[in-house]
Amino acid sequence: MATRDGTIGGRRPGEDPAAAVVTTAALRSGRLAEWFDRQARTLFIMPAVVMILIFSIFPLIATFILSLSRVRLRGGGYTMRYVGARNYEKQIFGSEQWHFLGTFEEVSVLGWVVTAAGAGLLAWWLVKYLRGRSGRVSVVGTIGRLITASVLFGLTFMFAATLFSGTRLGTLGVTLFYVVVGCGIQFLIGLGLAVLCAQPIRGRTFFRVVFFLPMMVTPIGIGFTFRMMADTGKGPFAPIWQWIGLGDFAWAVNPWTARAFIIVGDSWQWIPFIFVVLLAALENVPRDLVEAGHVDGAGGWQIFREITWPQIVPVAATVMLIRVIEGFKLVDLPNMMTGGGPGIATESMTLHSFFAWRALDPAQSAAISYLLLFVTVVLCVSYFMLVVRKRAAVHG
Amino acid sequence: MAEIPAPTPAPLPARARARGLRRWFEPARIGQMSRGGSIVVYGLLVLWSAFVLFPFYWLAITSLKLPVDVFDGPSFLPWVDFTPNLHAWADLLDFSAKSPLAETLTPYRNSVIIAFCSTALCVLIGAMAAYALARIEYKPRLGNILVFVVLMVVTAVAVGVYGVDLWIAAAVGGALFVLLARSVGRYFKRSVGNADILFWMISQRILPPVVAVVPIYMMFQKVGMLDTHLAIILTYTVVNLPIVVWLMHDFFASIPIDLEESAQLDGASRLMTFFEIVVPLARAGLAATTLLVLILSWNEYLVALFLSTTQAQTLPILVAGMNGGEKGILWWTMAVVIIIMIIPVIAMALLLQRFISKGILLGAVKG
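Residue numbers (the working numbering), protein chains in the order written: chain A, 1 to 396; chain B, 1001 to 1367.
FYI, nobody ran anything at the bench for these hints, they're computed from the structure. One or more hints might be untrue.
Restraint ranges, calculated between C-beta atoms of paired labels, are given here [as the list claims (entries may be wrong)]:
hint	chain 1	residue 1	chain 2	residue 2	range
1	B	Ser1254	A	Gln302	32 to 38 Å
2	A	Ile143	B	Val1184	25 to 31 Å
3	A	Val180	B	Tyr1187	44 to 50 Å
4	A	Trp124	B	Phe1051	39 to 45 Å
5	A	Gly94	B	Val1040	52 to 58 Å
6	A	Val377	B	Gln1264	39 to 45 Å
7	B	Arg1190	A	Leu188	41 to 47 Å
8	B	Leu1066	A	Ser150	55 to 61 Å
9	B	Phe1051	A	Val180	55 to 61 Å
10	B	Pro1280	A	Leu121	40 to 46 Å
11	B	Val1184	A	Gly339	49 to 55 Å
12	B	Trp1167	A	Thr257	48 to 54 Å
13	B	Pro1078	A	Val285	41 to 47 Å
14	B	Ile1113	A	Gln302	51 to 57 Å
Some, not all, of what chain B presents toward chain A, calculated at C-beta under 7 Å [stated by the list, open to error]:
hint	residue
15	Leu1047
16	Pro1208
17	Val1211
18	Leu1271
C-beta atoms are modelled at their ideal positions from N, C-alpha and C, and glycine is treated no differently.
Pulled out of the complex, with its shape left as it was, chain A reads as follows (with noise of 0.2 Å):
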């Protein structure tokens, strides 16, 4: 490649590749060359190293330490003051809990019963582990364990206390809910593409391409796109809308069906991705165990839960694990299409994060960003270590 052979000739002025012989000989008797290849090692791998420690890591601990102090800007510069998890405090259970984890009142009883159930199903999880009848129990997968059940019931208990008495989602809420429901509808979409596409029939290669276009375009894009097309007065679908009666409704007022379209316009975006992944191990699962199957006179979904599923089942794992990890960080379709709005109804972690900086606050900025990181971390590392690697275990 072109711009190949320049990085060469920028990184060793003198070189052309014509000349690649003479240059060749006279950089191995040179001392240059000699530091050259001592060196290697180092060259090769220290710019990202170097990169990942300043723009990554750098931060990663600057925030925390931000995150742990009170910030007062004061013309041009700023001053910082230790004020330990105060931010933190402020967003679990003080002033800004409404926002972060929702209005918390008094929980109804149907909240009882989810928070109920839901711990009953983390101590039979954990029962079951510890009873290691599924295999070995070692001290570091205890408290891993015990980590993913703390975290898992607290947010049980948030949704119970919030989304289950009938008051308002926080942040953190409707990130999961971005996360869990959007996910969960891309995926059965995307692997029921898959499957179609996968199908013996004509104009494959049409559909292929179509359906992986979403993916390329601009979120921003996408986001004032179903902002116009969800517009129940100039939007394409208005006809609809004032037949069935809906003709003044405003679907960015009610919080669900704005997080509703939220969810359209990422799926929108995103289920081209599993679609794609999906298709590519539906294709590689050998055709003659299918044909056996067909042989052996077993209906079509028989075959596709016997034989195809078990065969795709570490790919589906690992695409998911990407797309979750995305889903997190999502931003700009809130931004884009409500604004985060009604209220804080749509507002996803990152977009918090955001309108507190915004507001010249980093400090509850930073502790809402490290909020979003440990519930980030935790989650998906569990979800690597717990169904990831014991499907790519299982399934060689």
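Dock chain B against chain A, hints included.
Using the frame of chain A, we list chain B on its own:
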């Protein structure tokens, strides 16, 4: 059909009809679709294609509408429902006026520069690291890593809380690290391996960008680089680095090592082996990864939102900023800007679909 026809001379009409219907769903041969089945499959596929393509269509016709046509309620077919008008597109070419679209030009140029530079840098750095991790054994001492992290925390505290100058703190920290690594670090015997480094690099992708972006903003503010191309380029490079390392590591590991070994026997250096033998062999994987990273940088929103204001503003920021304002939303203008924003990626997706999906598959299918 496998089943033997029933010997009954006059089957019940209902059953006959059921069997007739069933014939539609019996494939003629194994490995082929039945007629009914293919109708269902085509129906669903066409339905989904409509769902995928309709937003593009709506965007295109909105860009051709006069404000009146937009506000009069939906109209679907140009020349039938409304008369297409190029007024929004004409604004784009009207550079003399201070039209909303003339302002698109700078963000467009910024987006092109930032996307291409950061992609080139990211693929170069990432591919080199991926290759090194696939071929060279690294054993950094755990003690040195600990020392480094501790020093980083101290530096961050010194800079943030006590207001020490960033450069001085960094220099002192670096010097201390060299000293401590040579003395204290030696007493720790345990070290980490390539797999750990690889995992560390890839796991950076889990990090939500919003966690890192505020300190990055402050760093660039300190060195006076806010709202410059370079700031955004460097940040994008790091954001996309895990993808490149992940995809290219698998790719390099799958290349047979013999060629490299013989090149090294002939006296070629590591760098030379890499650029003249490995890179040409990994061309397909590099192309796929490059396209993927290019599109990701083109579409990125959050980092640019933090790091740019006017000079280095990228297209997504421009579009997001047009959403609102005192005149209300100019739907037709925004449609035009979004079309010119997504046309390059759509064109790439159509032309290079195979390559790009290969890039996506490189990582996901192998796990």
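Structure-based check of all given hints:
Our hint of 32 to 38 Å for Ser1254 (chain B) and Gln302 (chain A) holds, since their Cβ atoms are close to 35 Å apart. For the hinted restraint 25 to 31 Å between Ile143 (chain A) and Val1184 (chain B), the CB-CB distance of approximately 29 Å keeps it satisfied. For Val180 (chain A) paired with Tyr1187 (chain B), a C-beta distance near 47 Å keeps the hint of 44 to 50 Å intact. In this structure the supplied range 39 to 45 Å holds for Trp124 (chain A) paired with Phe1051 (chain B), their Cβ-Cβ distance being about 41 Å.
Between Gly94 (chain A) and Val1040 (chain B) the beta carbon distance is about 56 Å. The supplied range of 52 to 58 Å therefore holds. Distance hint for Val377 (chain A) and Gln1264 (chain B): a CB-CB separation of about 41 Å, consistent with the stated range 39 to 45 Å. Between Arg1190 (chain B) and Leu188 (chain A), the C-beta spacing of about 45 Å keeps the proposed range 41 to 47 Å intact. Look at Leu1066 (chain B) against Ser150 (chain A): about 59 Å separates their beta carbons, and that is inside 55 to 61 Å.
For the pair Phe1051 (chain B) and Val180 (chain A), the beta carbons lie near 22 Å from each other, so the given range of 55 to 61 Å is not met. A C-beta distance of roughly 55 Å is found between Pro1280 (chain B) and Leu121 (chain A), which places it outside the suggested range of 40 to 46 Å. A C-beta distance of roughly 52 Å is found between Val1184 (chain B) and Gly339 (chain A), which places it inside the suggested range of 49 to 55 Å. One distance hint, 48 to 54 Å for the beta-carbon pair Trp1167 (chain B) and Thr257 (chain A), holds here, with the actual separation near 52 Å.
For Pro1078 (chain B) and Val285 (chain A), the hinted distance range of 41 to 47 Å is satisfied, since their beta carbons lie about 45 Å from each other. For the pair Ile1113 (chain B) and Gln302 (chain A), the beta carbons lie near 56 Å from each other, so the given range of 51 to 57 Å is met. Interface hint status for Leu1047 (chain B): violated, as the beta-carbon distance to the closest one in chain A is roughly 10 Å, over 7 Å. The interface hint given for Pro1208 (chain B) holds, since its Cβ lies 5 Å from the closest Cβ of chain A, which is under the 7 Å cut-off.
Nearest Cβ of chain A to the Cβ of Val1211 (chain B): about 4 Å, under the 7 Å cut. The hint holds. A cut of 7 Å between beta carbons decides the hint on Leu1271 (chain B): the least distance to chain A is about 6 Å, and the hint holds.
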